[in-house]
Amino acid sequence: MIITKKRDFKELRENIKNYKSFFLIGCSECATLCGTGGEPELKAMKETLEAEGKIVTGGIVAKTGCQVLGTKTELKKNKDEVDKAECILTMSCGAGAQAAVEIFEDKPVFSANDSMFLGNMTRYRMFDERCSLCGNCILDKTGGICPVTACPKGILNGPCGGCKDGHCEVSPDIKCAWVRIYERMKKLDKLQEFCDVTLEAKDWSASQKPRALTAREEKKK
Amino acid sequence: MSFKDILNSGKFAVTAEAGPPKGTDIKDMLHHMELLKGKVDAVNVTDNQSAVMRICSMAVSKIAMEHGLEPIFQMTCRDRNRIGLQSDLLGANILGIKNVLCMTGDHVSAGDHKGAKPVYDVESVQLLKIVDGLNNGKDMSGNELKGSTDFFQGAVVTPEANPIEPQLIKFEKKIRAGAKFFQTQAIYDIEKFRDFMKHARKFQVKILAGFVVLKSAGMANFLNNNVPGIRVPQALIDELKAAGKEKALDTGMNITARHIKQLKEEKICDGVHIMAIGMEDKVPEIMERAGLL
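Respectively, the protein sequence lines represent chains G and Y.
Note that this note's numbering has the first sequence beginning at 1, numbered continuously upward.
Note that this note's numbering has the second sequence beginning at 1001, numbered continuously upward.
Just chain G, with the same shape it has in the complex (with noise of 0.2 Å):
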């Protein structure tokens, strides 16, 4: 999921300082695991603005706030509310926030959050990255560990000379992504590959921005 946080309220004042009235979209995906965009954020929020003196006209959880149809046929239900409101606030990602900028051609729309990135959910509100959307997966060739996500350097053939008693130089909490590897490969009986092969430079074409996908298949005609 794409995980976010809170922004500071203060930084959120100072950009909001110009306008009254506001209309919440939350979204009850990957922003309500995070606890940065569910129902008790939306009511929490609507608190904290009506105590600076704005107006909350109202507010949704949208289902998927980065589905830019979705949440528009959604939103038809609140239109009043909508109407009523100076902009829009998005309790969601970036994704979810420039899907309301699409919506919502005349309103500004500012962002509650600000997105860290793809991670997974360890504990209750635990999360870590796992993954970098490189574009160009090779998981099949590192025991299933991402070194270009785990490994603060990227590293592809092996762990470098600041792993000491197998954390990373970076930062002591980080185990070495290489050394989990090896730990991995050994015990899948994979060594072998670990030792035989050097892999190449990543080809980043694959992340090349902006990306786009259609995934559709065209209908025969």
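In case anyone wonders, no lab produced these hints; they're calculated from the structure.
Any given hint might turn out to be false.
As a list, the in silico DSS-like pairs of lysine-lysine whose alpha-carbon atoms are at most 30 Å apart [unchecked claim]:
hint, chain 1, residue 1, chain 2, residue 2
1, Y, LYS1039, Y, LYS1261
2, G, LYS190, Y, LYS1062
3, Y, LYS1138, G, LYS187
4, G, LYS202, Y, LYS1180
As the structure is a prediction and not an experimental result, all values here were calculated from the model.
Take the given structure of chain G and dock chain Y to it, following the hints.
Okay, now just chain Y, sitting in the frame of chain G:
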């Protein structure tokens, strides 16, 4: 004789370090170069060491040549993508730089520009392959070069890495990628280094053992606790302690000299790399005590 010829002739090679300063005042650096001239076989010119921004290694490598020292141009993958790296390699080669040491490079989080975007488009093993390609007239994309490079390329290895197995696997990958010589992280335990060399001798590569002079027992403990891949045995720490504060540096220099002497006399490896770290002026004296001058 060039650094490459010295190693290939079987003569015991000695390299030291020239750290480019931060700023354009190079007086001290030139003084250190003067001290090393005629004594060491080559000097490593570090590439924004510890991710701290300084003069680039290519410019200082060129200056070293002008002052009678053969440079080992250190190149990390932290600050340049594959276009920048290859372009700088071609540039270095036409300036007459022949030795290049390929490293991934300390992470930006260790340095003085912590908000910098780390590049790491390629890493050490892949950089070695790039150099091998340029030496054979091809860039990384397979395009023909008008004139190839003639680099003598090396890499680094950590004989005291823990765990050691993945480090040794990477060492072999570096050899397959074209590394001709290795300079090691600082070593302090000759018997353990001997074990590493037993493994390294299976390959056609030259190994220069790394040395960092111990200034005190406190420094030894600091290295043990904070620097990856360095392990100072307790016996040496005790030796430094017993020497007392005033004699600690002298004892540290003796330890280094004694170890270098043993490596040379017992033909354990092909040379040594002395990283002075702020004590460049002591390098000639250490070499003298080791019987190298």
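Hints, one by one, checked against the model:
1. LYS1039(Y) with LYS1261(Y): Judged against 30 Å, a Cα distance of about 16 Å means the pair holds.
2. LYS190(G) with LYS1062(Y): Violated, at about 46 Å.
3. LYS1138(Y) with LYS187(G): Roughly 39 Å separates the two Cα atoms, so the pair is violated.
4. LYS202(G) with LYS1180(Y): holds, 25 Å
When held up to the earlier numbered hints, the structure conflicts with 2 and 3 and fits the remainder.
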